Each structure stands twice: as structure tokens, then as C-alpha cells.
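Sequences are here, hints too, so could you generate the full structure?
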Amino acid sequence: MGGSSSKPAEEPVRGPRMLNEPWRKIDWTAEERRRLIDEISAFKPLLDSVQKARVLLLGQIGAGKSSFFNSVNSVYRGHVRNQAWVGVGETSITLKYRTYPVITGSDKKMLPITFCDTMGLEEKEGAGLKVDDVINILKGHVPDRYQFNPHAAIQSGTPGYIESPSLKDKIHCMVFVIDGSKIEILPPKMESKLKELRQKARELDVPQIILLTKVDEICSSVKQNVSNVYRSQAVHEQMQIASVKFGIPLSLIVPIKNYCFETELENNVDILILMAVRQIMRSADCYLDNFLSEEGLTTD
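Taking the numbering used here, the leading residue of the sequence shown gets 141, the next gets one more, and so forth.
Hints are computed from structural coordinates only; laboratory data are not their basis. Just so we're clear, the structure is a prediction, and the values are computed from it rather than from any experiment. A few of these clues could be false.
[What the hints assert, rightly or not] Subject to a maximum C-alpha distance of 20 Å in a straight line, what follows is the list of computed DMTMM-like cross-link-like pairs (lysine to aspartate or glutamate):
hint: 1; residue 1: 264; residue 2: 331
hint: 2; residue 1: 363; residue 2: 345
hint: 3; residue 1: 249; residue 2: 178
hint: 4; residue 1: 236; residue 2: 272
hint: 5; residue 1: 308; residue 2: 188
hint: 6; residue 1: 340; residue 2: 377
hint: 7; residue 1: 248; residue 2: 179
hint: 8; residue 1: 308; residue 2: 429
hint: 9; residue 1: 236; residue 2: 284
hint: 10; residue 1: 340; residue 2: 272
hint: 11; residue 1: 310; residue 2: 425
hint: 12; residue 1: 363; residue 2: 336
hint: 13; residue 1: 363; residue 2: 167
hint: 14; residue 1: 340; residue 2: 262
hint: 15; residue 1: 363; residue 2: 406
hint: 16; residue 1: 333; residue 2: 343
hint: 17; residue 1: 310; residue 2: 188
hint: 18; residue 1: 385; residue 2: 262
hint: 19; residue 1: 279; residue 2: 303
hint: 20; residue 1: 308; residue 2: 345
hint: 21; residue 1: 279; residue 2: 343
hint: 22; residue 1: 329; residue 2: 319
hint: 23; residue 1: 335; residue 2: 345
hint: 24; residue 1: 310; residue 2: 406
hint: 25; residue 1: 308; residue 2: 167
hint: 26; residue 1: 310; residue 2: 324
hint: 27; residue 1: 270; residue 2: 331
hint: 28; residue 1: 184; residue 2: 247
hint: 29; residue 1: 335; residue 2: 324
hint: 30; residue 1: 310; residue 2: 284
hint: 31; residue 1: 249; residue 2: 179
hint: 32; residue 1: 236; residue 2: 263
hint: 33; residue 1: 310; residue 2: 357
hint: 34; residue 1: 270; residue 2: 336
hint: 35; residue 1: 329; residue 2: 263
hint: 36; residue 1: 264; residue 2: 319
hint: 37; residue 1: 279; residue 2: 336
hint: 38; residue 1: 184; residue 2: 429
hint: 39; residue 1: 279; residue 2: 309
hint: 40; residue 1: 236; residue 2: 179
Written out as C-alpha cells, the structure is:
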């Protein structure tokens, strides 16, 4: 009010360089959307002791991790929702560790998955989510609604600290949410922090997936129609860059578009979101494979 402010120039969306054939075959019909919804709803974790796959969302501020949960929630509620707070500034709006179930809109049943949301990652020393906090989340020591301390990571003796977490309290899949339109200019300190977190998760045998968000900002053809995502050479190139940077195979990198400004659901956006959830749940089951013997089960 009372003055003018200038917005930084937006990076131009890349022009359409389209492949003749999609490099992933996707059925974009309403029937496929319904099939994916039903498949995910019917999913049952491998172990009886674990009722829900527990998934940690990690990402730089503004990458879209909270928006991803909101988008999944929107698909299953039947309308666009914003349950998890979403920020657009330079500091994280998520200050607490939150665990979110997904509830269907029709029969009010909970999906067999819990999304765990955290503070955004920051490159500044001492800012944002601490690596030690992430390790404790992976191990199941951090309770829902824990208020992150910018000066010290949670530890044994901290109020609420879960001393002896069970398998259902631990993280079964870690999801890196990365802005696909900025992967090439990811700050070195942020890239280093993401790689450190990836290594810590590997040491704990936690599967990892990359969600490459904002694909509509990578390619103008995808912006016009999300179903062009797997024909876009620009999107494919960004996924390859992410694969090389973080050592994650392309099969575990999923391009998505979150609901941000829309007020109504769109079939093709829903399908991308649902495919990401399916891949996440399959990866979580791979983690639970490691504990089959503890319940007297075998893979033979």
C-alpha cells in the first residue's frame, strides 16, 4: 500500500520439444483414474503389524511437499482442499512435524497411507529442518505435532520423544519433493544437504523417491495439457538431471503437477498424482520386505 513494488522476472517456460511417442505409456481416461483410486484404496501393507505405509515428505521451501499432500487429499475428497498449510515465502510455514491420514470423501474410510510433513529444507546453516531431526523421524522417535527447535534437534529426554518406536512408527519411504523447473540451479548447499539426507536414509534401508513438481512450468505444452508430460523432451531432460545429481534411477522419479490455483479437479492431474502415490506405496512395501522374517513370513 502507498508504494509500488517490482516483481522479479519469471523464468520463461521452455518451448515445446515433443517426442513422437511417450516414453512412459499412460492411460489418461476417466476409467484409469477410477482404477488407480480403487487400487490404492485396496492396498494392504505386507505386514499385519503395519496398517498404513508411513511416508516422509522432504523438500526445499516452495518445492510443493505440503501441496502434494493437499493434492492427494483433494483427489480422494472429490474437491480441491488445502488442509496442510502452504507457504510462498522464503521461510518455512510448516513449523511442526505433522502426520496426515487421507480420508475418502464417499465412505469416510482412511487410505492405508500416512503422509508426514515437516519444515522445509533451507541452505542456510542452522535454518530449516536439521539433518538429525530427519534421522529421528526416520527412526520413529518424533511424535505428531512436535514443534521443531531451530537451535537443537530432538533427542532422548526431549518432551514427547518416542523412546522405543515400533515398525509402524518408522518411516517406510522417504520422498524428496523437488521443483522440476529449478533443478539445474539448485544451490550447492541445498544439493549437498539433500545428498546427505539420501545417504542417511540409505544407511537405514529406507527407500527413496523423487517427486519432480511444477512440470507445467518446465514445458509450455505440458502447461496446456498435462497429458503431454511423457512426450515432453524438456521434462525428460529435467528428470535425467535429477537422476544424475542424486543417484536415483529414472524409474523412481515421478513428474507431477500439484493443485495450486485450481478450484476444480482435473482428470489428467489426478492421474499423475495417483501414479505417484502408487509408486510410493510400492516402495514402502519394499521396505517392509526386510521385516518378513520377524512375523514368520518368507518370500519363498
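To see whether the hints hold, each was checked on the structure:
A distance of roughly 12 Å separates the Cα atoms of residue 264 and residue 331; the hinted pair therefore holds under the 20 Å criterion. The straight-line distance between the Cα atoms of residue 363 and residue 345 is roughly 37 Å, outside the 20 Å bound, and the hint therefore fails. Distance restraint check for residue 249 and residue 178: the Cα-Cα separation of roughly 12 Å lies within the 20 Å cut-off, and the hinted pair is therefore satisfied. Proximity of residue 236 to residue 272 is assessed by CA-CA distance (about 15 Å); at most 20 Å being required, the pair is judged to hold.
For a cut-off of 20 Å, the pair hint linking residue 308 to residue 188 stands: about 10 Å separates their Cα positions. A hinted pair counts as satisfied when its Cα atoms are at most 20 Å apart, and residue 340 with residue 377 does not qualify at roughly 27 Å. Using a Cα cut-off of 20 Å, the hinted pair residue 248 and residue 179 holds, with the two alpha carbons roughly 17 Å apart. Restraint check for residue 308 and residue 429: the C-alpha separation of about 14 Å stays at or below 20 Å, so the hint holds.
The suggested pairing of residue 236 with residue 284 holds, with an alpha-carbon distance near 8 Å, which does not exceed 20 Å. About 10 Å separates the Cα atoms of residue 340 and residue 272, which keeps this hinted pair within 20 Å; it holds. Taking the CA atoms of residue 310 and residue 425, the gap is about 13 Å. The hint holds against a cut of 20 Å. Using a Cα cut-off of 20 Å, the hinted pair residue 363 and residue 336 is violated, with the two alpha carbons roughly 33 Å apart.
For the given pair, residue 363 sits about 19 Å from residue 167 by alpha-carbon distance, which is consistent with the 20 Å threshold. A threshold of 20 Å between alpha carbons decides the hint, and for residue 340 with residue 262 the separation of about 18 Å falls inside it, so the pair holds. Taken as a hint, the residue 363 and residue 406 pair is honoured in the structure, with Cα atoms around 13 Å apart against an allowance of 20 Å. Simply put, residue 333 and residue 343 have alpha-carbon atoms about 16 Å apart, close enough for the 20 Å limit, and the pair holds.
This hinted pair checks out: residue 310 and residue 188 have alpha carbons roughly 15 Å apart, not beyond 20 Å. Simply put, residue 385 and residue 262 have alpha-carbon atoms about 18 Å apart, close enough for the 20 Å limit, and the pair holds. Among the hinted pairs, residue 279 with residue 303 is consistent with the structure: their alpha-carbon atoms are about 10 Å apart, no more than 20 Å. For the hint pairing residue 308 with residue 345, the CA-to-CA distance comes to about 15 Å; that is within 20 Å, so the pair holds.
A distance of roughly 11 Å separates the Cα atoms of residue 279 and residue 343; the hinted pair therefore holds under the 20 Å criterion. The hinted pair formed by residue 329 and residue 319 meets the criterion: a straight-line CA distance of about 16 Å does not exceed 20 Å. Our distance criterion of 20 Å between C-alpha atoms is met by residue 335 and residue 345, whose separation comes to about 15 Å. In summary, the hint linking residue 310 to residue 406 is not supported, as the alpha carbons are separated by about 34 Å, beyond the 20 Å threshold.
Restraint check: the Cα-Cα separation between residue 308 and residue 167 comes to about 34 Å, which exceeds 20 Å; the hinted pair is violated. Distance hint between residue 310 and residue 324 is unfulfilled; the C-alpha atoms sit about 32 Å from each other, more than 20 Å. Pair hint residue 270 plus residue 331 holds up; C-alpha atoms about 15 Å apart against a cutoff of 20 Å. Between residue 184 and residue 247, the direct Cα distance comes to roughly 18 Å. Compliance with the 20 Å bound is thereby established for this hinted pair.
Under the criterion of a C-alpha separation no larger than 20 Å, the hint pairing residue 335 with residue 324 is consistent with the structure, at around 15 Å. Restraint check for residue 310 and residue 284: satisfied, since their Cα atoms lie roughly 12 Å apart, inside the 20 Å limit. Annotation: proposed proximity of residue 249 to residue 179 holds, straight-line Cα distance about 14 Å (limit 20 Å). A distance of roughly 19 Å separates the Cα atoms of residue 236 and residue 263; the hinted pair therefore holds under the 20 Å criterion.
Between residue 310 and residue 357 the alpha-carbon distance is near 34 Å, which puts this suggested pair outside the 20 Å criterion. In summary, the hint linking residue 270 to residue 336 is supported, as the alpha carbons are separated by about 11 Å, within the 20 Å threshold. The suggested pairing of residue 329 with residue 263 holds, with an alpha-carbon distance near 5 Å, which does not exceed 20 Å. A threshold of 20 Å between alpha carbons decides the hint, and for residue 264 with residue 319 the separation of about 18 Å falls inside it, so the pair holds.
Taking the CA atoms of residue 279 and residue 336, the gap is about 16 Å. The hint holds against a cut of 20 Å. A distance of roughly 13 Å separates the Cα atoms of residue 184 and residue 429; the hinted pair therefore holds under the 20 Å criterion. For the hint pairing residue 279 with residue 309, the CA-to-CA distance comes to about 8 Å; that is within 20 Å, so the pair holds. A C-alpha spacing of about 31 Å is found between residue 236 and residue 179, which places the hinted pair above 20 Å, so the restraint is violated.
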